[in-house]
Amino acid sequence: MIQTELASWDDPETRPLIEFVNVTKRFGDFTAIDNQSLKIYKGEFFALLGPSGCGKTTMMRMLAGFEMPTEGTIRIDGLDVSTVPPNKRAVNMMFQSYALFPHLSVWDNIAFGLRREGKSGQALTARVEEMLRLTRMEKFARRKPHQISGGQRQRVALARSLAKAPKLLLLDEPLGALDKKLRQETQFELMDIQESTGTTFVIVTHDQEEAMTVASRVAVMDEGKLVQVATPDVIYEAPNSIYVADFIGDVSLISGVAKSRVPSDVAPQDSAGGQPSAQQQDTPRQPQPNAFGAWLHDTVFEPVLGARSKSDEQAVEPAQQEDTVTDTVRELPAGGIAIHWADGQDPIIATNADPCLDGKTVNFSIRPEKIGISKARPDALNAFQGKVIDIAYLGHVSTYHVVLTNGLKIMAQVSNTRRISRRSITWEDDVWISFSSTAGVALEH
Amino acid sequence: MKRFTWFNATSLTIGFAFLYLPMIVLVVYSFNASKLVTVWAGFSTQWYVQLFTNSDFAQSALVTLKVGLASASIATILGTMAAYVMIRGGRFFGRTLFSGMIYAPLVMPEVITGLSLLLLFIAIGLNRDAFTIILAHTTFGMCYVSVVVSARLSTFDRSLEEAALDLGCSPLAAFRLVTLPIIAPAVVSGWLLAFTLSLDDLVIASFVSGPGATTLPIQIFSAVRLGVNPEINALSTLMIAIVTIGVVTASLITKYTARRPMDA
Ligand SMILES: Nc1ncnc2c1ncn2[C@@H]1O[C@H](COP(=O)(O)OP(=O)(O)OP(=O)(O)O)[C@@H](O)[C@H]1O
Ligand SMILES: [Mg+2]
Numbered sequence: 001m002i003q004t005e006l007a008s009w010d011d012p013e014t015r016p017l018i019e020f021v022n023v024t025k026r027f028g029d030f031t032a033i034d035n036q037s038l039k040i041y042k043g044e045f046f047a048l049l050g051p052s053g054c055g056k057t058t059m060m061r062m063l064a065g066f067e068m069p070t071e072g073t074i075r076i077d078g079l080d081v082s083t084v085p086p087n088k089r090a091v092n093m094m095f096q097s098y099a100l101f102p103h104l105s106v107w108d109n110i111a112f113g114l115r116r117e118g119k120s121g122q123a124l125t126a127r128v129e130e131m132l133r134l135t136r137m138e139k140f141a142r143r144k145p146h147q148i149s150g151g152q153r154q155r156v157a158l159a160r161s162l163a164k165a166p167k168l169l170l171l172d173e174p175l176g177a178l179d180k181k182l183r184q185e186t187q188f189e190l191m192d193i194q195e196s197t198g199t200t201f202v203i204v205t206h207d208q209e210e211a212m213t214v215a216s217r218v219a220v221m222d223e224g225k226l227v228q229v230a231t232p233d234v235i236y237e238a239p240n241s242i243y244v245a246d247f248i249g250d251v252s253l254i255s256g257v258a259k260s261r262v263p264s265d266v267a268p269q270d271s272a273g274g275q276p277s278a279q280q281q282d283t284p285r286q287p288q289p290n291a292f293g294a295w296l297h298d299t300v301f302e303p304v305l306g307a308r309s310k311s312d313e314q315a316v317e318p319a320q321q322e323d324t325v326t327d328t329v330r331e332l333p334a335g336g337i338a339i340h341w342a343d344g345q346d347p348i349i350a351t352n353a354d355p356c357l358d359g360k361t362v363n364f365s366i367r368p369e370k371i372g373i374s375k376a377r378p379d380a381l382n383a384f385q386g387k388v389i390d391i392a393y394l395g396h397v398s399t400y401h402v403v404l405t406n407g408l409k410i411m412a413q414v415s416n417t418r419r420i421s422r423r424s425i426t427w428e429d430d431v432w433i434s435f436s437s438t439a440g441v442a443l444e445h
Numbered sequence: 001m002k003r004f005t006w007f008n009a010t011s012l013t014i015g016f017a018f019l020y021l022p023m024i025v026l027v028v029y030s031f032n033a034s035k036l037v038t039v040w041a042g043f044s045t046q047w048y049v050q051l052f053t054n055s056d057f058a059q060s061a062l063v064t065l066k067v068g069l070a071s072a073s074i075a076t077i078l079g080t081m082a083a084y085v086m087i088r089g090g091r092f093f094g095r096t097l098f099s100g101m102i103y104a105p106l107v108m109p110e111v112i113t114g115l116s117l118l119l120l121f122i123a124i125g126l127n128r129d130a131f132t133i134i135l136a137h138t139t140f141g142m143c144y145v146s147v148v149v150s151a152r153l154s155t156f157d158r159s160l161e162e163a164a165l166d167l168g169c170s171p172l173a174a175f176r177l178v179t180l181p182i183i184a185p186a187v188v189s190g191w192l193l194a195f196t197l198s199l200d201d202l203v204i205a206s207f208v209s210g211p212g213a214t215t216l217p218i219q220i221f222s223a224v225r226l227g228v229n230p231e232i233n234a235l236s237t238l239m240i241a242i243v244t245i246g247v248v249t250a251s252l253i254t255k256y257t258a259r260r261p262m263d264a
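Respectively, the protein sequence lines represent chains A and B.
Residues in the first sequence are numbered from 1 upward in steps of one, following the working numbering.
Residues in the second sequence are numbered from 1 upward in steps of one, following the working numbering.
The hints are simulated quantities; they were obtained by calculation from the structure and are not laboratory data.
All C-beta atoms in this analysis are idealised placements derived from N, C-alpha and C, irrespective of residue type, glycine included.
Keep in mind that a hint or two might mislead.
[Unchecked claim] With the Cβ distance kept under 10 Å, some of the chain B side facing chain A (calculated, not the full set): (1) Asp56; (2) Leu160; (3) Glu161; (4) Ser170; (5) Pro181.
Kindly generate the complete structure, drawing on both the sequences and the hints.
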């Protein structure tokens with residue numbers, strides 16, 4: 001998602017719709033939410049992500065008014081809601097257990113909230129039918145909840161919570177029981193609804209792909225704590241901890257000792273999230289603007305002058321000059337750290353890492369799709385030798401499990417642009433894996 | 001599956017014979033043409049005819065019915081409320097004690113319940129008549145209702161009530177529109193149970209009834225002391241029929257609704 005203006009969560013002027021201020025929730029002596037603060041803004045699609053039992057539902061229940069915080073305050077629209085009962089909050093919740101009324105038909109379940117609002121007759125019918133259409137439950141309108149399937153129940157629960165068009169909609173795993181296709185369609189449907197109505201959504205999900213798809217921001221939770229709250233791309237590309245890196249998607253972790261690298265005169269080439277050097281290029285390197293220059297170009301000159309040549313932006317190293325490859329010999333992007341991860345191996349160069357990590361033990365975390373794999377030694381800054389022990393064929397991509405000389409396992413992912421029979425690398429092959437100096441992140445904890 | 005052995009067959013027969021042989025004898029002799037209880041003289045329904053023309057019996061049948069209806073209804077309201085508080089009331093001081101105490105009358109000897117009620121009524125100067133019987137029957141009927149209803153409530157998904165609140169119901173509206181319709185079968189079978197127990201009761205009723213109000217069981221009991229007659233057999237047969245219908249209906253309701261998923 002491209003943000004042209006300052007996003008509401010980055011703008012200190014915007015008033016949040018929901019505000020958790022130092023909220024703690026205890027059940028007996030068990031702490032379900034541990035002194036957390038959080039702001040969610042109007043019109044957001046906010047996803048809570050985390051393992052089972054980490055407190056996602058508890059956060060939702062506090063918003064809906066079914067649980068009171070043990071400590072701290074929750075404000076909705078600037079108002080402390082601690083004394084507002086659930087039926088007086090402009091909030092609707094879709095329950096994880098669906099909570100459909102067993103004695104009412106699908107139709108009456110959806111109409112329930114509207115009737116409490118005093119809607120009747122034509123207006124009621126129109127709204128209910130609209131919801132039925134949206135969730136494709138028209139055919140089942142007269143059935144009772146125990147006469148429909150699990151996925152259908154989930155859709156009815158969704159329709160019921162959407163019907164009142166609340167200011168804030170809480171969805172506790174709304175799509176878990178749907179098949180992949182219907183789930184994707186419903187995801188887009190939800191995003192549409194959110195855009196057209198301006199409703200603020202808070203959604204709980206186990207499915208990180210879903211969170212990435214629908215959410216404007218994602219909060220990753222662990223044992224009652226919000227570990228990281230950020231946009232999906234930041235969560236994915238720049239996780240703030242091993243926990244987040246590991247929880248979202250696949251990741252290989254390499255632990256080692258960080259050494260600050262000698263600063264050189266050469267400015268870092270790709271300090272802002274470069275691409276993996278999976279494809280090697282032989283063309284000589286062209287001068288590239290620094291980050292500010294690139295931004296200036298992209299925003300001001302690009303419409304006039306057209307796209308700037310970015311062919312070489314991907315931190316590809318100049319041709320190797322000698323056989324003895326050391327950092328000092330090569331012309332390297334400066335800054336960052338070198339991670340000494342195994343005796344007798346070149347350190348991993350991470351130019352995007354904070355030099356302050358110097359001397360600390362760090363975990364270098366890298367996504368499989370950022371790692372290239374080849375039989376010949378590639379011309380990359382970070383290149384290490386290993387052996388393929390496993391290949392997972394996933395259709396569109398294949399994941400190679402490579403064990404390095406010191407026994408460390410690394411995953412490398414390659415798009416299957418060719419047919420599988422023409423794959424050149426196979427089990428037990430000696431290979432090189434390589435990645436650019438900005439492909440991974442160095443994490444302290 | 002295990003085979004149905006002769007041993008099983010025998011124990012089943014003996015067990016059921018113990019339970020139902022006396023009743024069968026009673027039912028059969030209620031259709032006896034002879035006035036002598038122990039001599040079979042052919043089929044006749046004359047005792048039933050005679051029974052319906054006996055104003056004493058008609059009178060006490062009316063009292064019994066009135067007491068049964070009133071006490072079962074009051075017991076159902078109170079028992080449902082008690083069950084709701086026990087299951088849904090959250091934690092409050094003495095909750096365990098209360099929920100234990102509500103079941104106490106179930107195990108209390110009836111003589112003691114009857115006696116203590118009698119003493120209470122005398123102490124507060126209440127005249128003993130149909131009203132005191134209603135009060136007494138409400139007391140124990142309520143325990144049965146609350147047992148049945150709380151069993152249903154405890155398997156009831158709490159989030160249904162929360163969903164109702166979430167959709168804009170006040171707590172009272174949530175109870176009326178969601179909770180009550182769902183627990184209704186339990187409430188109905190609780191009522192039937194309380195009603196049949198009230199029809200049944202001899203011991204407590206004889207403690208708390210006054211001269212103006214005699215229930216059927218009391219009437220039968222005193223009539224039998226003057227000698228068993230076929231008229232009593234006929235009356236008892238009718239009572240067996242009513243109680244059977246009540247109990248069977250209650251258990252059918254429970255069985256039928258238990259099969260339906262509660263949390264759909
Ligand atoms: N009423 C309660 N009493 C005691 N403990 C509770 C209560 N409700 C939740 N908890 C505990 O609080 C923790 C968080 O529960 P919560 O339901 O928020 O988890 P969750 O993140 O929604 O998990 P899931 O993904 O499995 O739904 C759990 O360990 C749970 O056991
Ligand atoms: Mg949950």
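The hints, checked one at a time:
1. Asp56: Asp56(B) check fails; min Cβ-Cβ to chain A is 46 Å, beyond 10 Å.
2. Leu160: At 5 Å from the nearest chain A Cβ, Leu160(B) passes the 10 Å test, so the hint holds.
3. Glu161: Because about 9 Å separates Glu161(B) from the closest Cβ in chain A, which is inside the 10 Å limit, the hint holds.
4. Ser170: Interface hint status for Ser170(B): holds (6 Å vs cutoff 10 Å).
5. Pro181: Holds, about 5 Å.
Hint 1 alone, counting from the list given before, is not met by this structure.
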